[in-house]
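*Asks:* Chain by chain, the residues:
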Amino acid sequence: MSTSTLPRAEAWPSTPSARRARRVQAVAFVALGASALAIMVPAVLFVGFVVVRGASAINWEFITAMPRDNMRAGGIMPAIVGSLYLVVVTMALATPVGILAAVYLSEYARKGPLVRAIRVAILNLAGVPSIVYGLFGMGLFVMVVMPQVLRLTRGGGESGKSACLLAAAATMAVLILPIVIATTEEALRQVPQGLRAASLALGATRWQTIWRVVIPNALPGILTGLVLAVGRAAGETAPILLTGAFFWMSHLPRPAEALLEPFMALPFHLFTVSTQMPDAPEKLRWGTALVLIIMVVGANSIGIVIRSWLRTRRKV
Amino acid sequence: MATAPGLMVGSVDADPVSDCRCAKFETHGLTVHYGGFEALKAVDVAIGSCEVTALIGPSGCGKSTFLRCLNRMNDMIDGVRISGQVVMDGQDVYDRRVDVVELRKRVGMVFQQPNPFPMSIFDNVAYGPRLHGTRKMSDLEVIVERTLREAALWDEVKDKLRQSALALSGGQQQRLCIARVMAVQPEVILMDEPCSALDPNATFRIEELMLSLRENYTVIIVTHNMYQAARCSQKTGFFLLGELVEFGDTEQVFQAPADRRTEDYIRGRFG
Numbered sequence: 001m002s003t004s005t006l007p008r009a010e011a012w013p014s015t016p017s018a019r020r021a022r023r024v025q026a027v028a029f030v031a032l033g034a035s036a037l038a039i040m041v042p043a044v045l046f047v048g049f050v051v052v053r054g055a056s057a058i059n060w061e062f063i064t065a066m067p068r069d070n071m072r073a074g075g076i077m078p079a080i081v082g083s084l085y086l087v088v089v090t091m092a093l094a095t096p097v098g099i100l101a102a103v104y105l106s107e108y109a110r111k112g113p114l115v116r117a118i119r120v121a122i123l124n125l126a127g128v129p130s131i132v133y134g135l136f137g138m139g140l141f142v143m144v145v146m147p148q149v150l151r152l153t154r155g156g157g158e159s160g161k162s163a164c165l166l167a168a169a170a171t172m173a174v175l176i177l178p179i180v181i182a183t184t185e186e187a188l189r190q191v192p193q194g195l196r197a198a199s200l201a202l203g204a205t206r207w208q209t210i211w212r213v214v215i216p217n218a219l220p221g222i223l224t225g226l227v228l229a230v231g232r233a234a235g236e237t238a239p240i241l242l243t244g245a246f247f248w249m250s251h252l253p254r255p256a257e258a259l260l261e262p263f264m265a266l267p268f269h270l271f272t273v274s275t276q277m278p279d280a281p282e283k284l285r286w287g288t289a290l291v292l293i294i295m296v297v298g299a300n301s302i303g304i305v306i307r308s309w310l311r312t313r314r315k316v
Numbered sequence: 001m002a003t004a005p006g007l008m009v010g011s012v013d014a015d016p017v018s019d020c021r022c023a024k025f026e027t028h029g030l031t032v033h034y035g036g037f038e039a040l041k042a043v044d045v046a047i048g049s050c051e052v053t054a055l056i057g058p059s060g061c062g063k064s065t066f067l068r069c070l071n072r073m074n075d076m077i078d079g080v081r082i083s084g085q086v087v088m089d090g091q092d093v094y095d096r097r098v099d100v101v102e103l104r105k106r107v108g109m110v111f112q113q114p115n116p117f118p119m120s121i122f123d124n125v126a127y128g129p130r131l132h133g134t135r136k137m138s139d140l141e142v143i144v145e146r147t148l149r150e151a152a153l154w155d156e157v158k159d160k161l162r163q164s165a166l167a168l169s170g171g172q173q174q175r176l177c178i179a180r181v182m183a184v185q186p187e188v189i190l191m192d193e194p195c196s197a198l199d200p201n202a203t204f205r206i207e208e209l210m211l212s213l214r215e216n217y218t219v220i221i222v223t224h225n226m227y228q229a230a231r232c233s234q235k236t237g238f239f240l241l242g243e244l245v246e247f248g249d250t251e252q253v254f255q256a257p258a259d260r261r262t263e264d265y266i267r268g269r270f271g
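In order, the protein sequence lines correspond to chains Z and D. Under the working numbering, the final residue of the first sequence carries the number 316; numbering is consecutive throughout. Under the working numbering, the final residue of the second sequence carries the number 271; numbering is consecutive throughout.
Calculated directly from the structure, the hints in this document are not laboratory data. Since we're looking at a predicted model, the values are computed, not measured. A virtual CB, placed ideally from N, CA and C, is assigned to each residue, including glycine. It is possible that part of the hints are untrue.
Stated by the list, open to error - Computed list of lysine to any residue pairs in SDA-like fashion (alpha-carbon distance at most 20 Å, straight line):
#  : chain 1 : residue 1 : chain 2 : residue 2
1  : Z       : 111       : D       : 74
2  : Z       : 283       : Z       : 77
3  : Z       : 111       : D       : 35
4  : D       : 158       : D       : 137
5  : Z       : 111       : D       : 77
6  : D       : 158       : D       : 142
7  : D       : 160       : Z       : 313
8  : D       : 41        : D       : 85
9  : Z       : 111       : D       : 79
10 : D       : 136       : Z       : 212
11 : Z       : 161       : Z       : 81
Stated by the list, open to error - Partner residues aside, some chain D positions facing chain Z, computed with beta carbon under 8 Å:
#  : residue
12 : 104
13 : 109
14 : 111
15 : 117
16 : 127
17 : 131
Using the sequences plus the hints, can you model the full thing?
*Replies:* This is how it looks when you write it as structure tokens:
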């Protein structure tokens, strides 16, 4: 108003096309905001629901004791430990294979129809229903591979089952491999070509380049894929259903023997107490679900912290 | 250090390294195809040791392709076909028995876009020596300091060797990349438009550096900038449409080009 020397706003009236463009933009912003809100609401509701219902079930006994009264009371410790074991063994199997396969596909393999076909096959594997993996794991690991392993390791002794942690983890590893491979490949693709060229031009071999330059730079992205895979491995039920998860165990196997013994797992336990035992107290279910969520979120948080630490370490 | 004057062709004082004057590289009928496209057409040339050779020409003329044949960086491109010979010190570098890793240790390369690794300044310079077996920290420290001094970067970075190289300016990054190459102690340094992403001041520092490099290295530089070629090089080659049109003393190429097309390009009639 004090700018009397400037031309008045009417000197530049907005044209009909500019007004239309602004209306379209307003509609787009509303739609974008609403969508963001729409995904927030169920997420908050969902987590809130589980927390509210499950928090009261959680106490020291719940997470450290064996189940009692046919799993109607007591704790869920064996399921927690079983899920931890399962995730650790699964990742131990899937991580090296997945990363090496991705490195091969994106750094070594000649671009051609064969590599394209392999890549498509991997992506399709990621879409196979998990119960199919369970059936596959039972057919291959439980019925064919594990009996051989057991025969070799103890010559027909008393302990060890062919449906066991190792068989279930192997099945789960096959299920998460496509995730690990696809995300690792994507992370490797993000590494600038200039860095590879610089390393090769200094007389590095391709492997030295991959080991010293490409993988360190792709590590945050690779880690993201591993975090996703951990969540999947912790949460899937179908693949372990047929390969080694038991709905109840009287004792925890000793760590040394755990690989060849069946195990309890949180998602399967949740399924059992929710569907097979109508008279089980309801808070048992929500408590189990909450513990599962906490474990997955915890694993993700650790992954995110490591990732951001890796990123800052490379800058400034 | 930088005693070499810019355009005084053939004025290099009679230094003891007299065998340094013979041809470092010779190519015989060097031809490169990318798929069906002939990027380089039967290039025959001899490039001398311990001088700066500039390769000029319009975009897509094949000068970068030629450069990348000398350390076999073209090998990695899909669908490339290379025929003819590249001879370095009497050895065909495309011979089956030549280890490309050995070749690249001898023939270093600096790229158009400064591409320091996302690691510390020290680790960038130490990358090559570490690759090739230097492990002792004290040895590495000596190499890093000597190399950064040679690259005229030491004074600017000596207090922040442990900081990320990405925090440096573009010009400093490029000098770091040159230092990183020098740390491997190559005989030849190839530069693929090393200044085209830099401002004039940074360009000036790199040109100074190139002049001093000439004392110990064979330098071959691809450049878009004809003034740069005139200022920094002793020999100049002009490429056009994959053909090496003219090659000779820089002064002669710029003052009295033998070929009409060279003259047109240098006078700014095209390109």
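*Asks:* Among all the numbered hints in the text so far, which are the ones the structure does not match?
*Replies:* none
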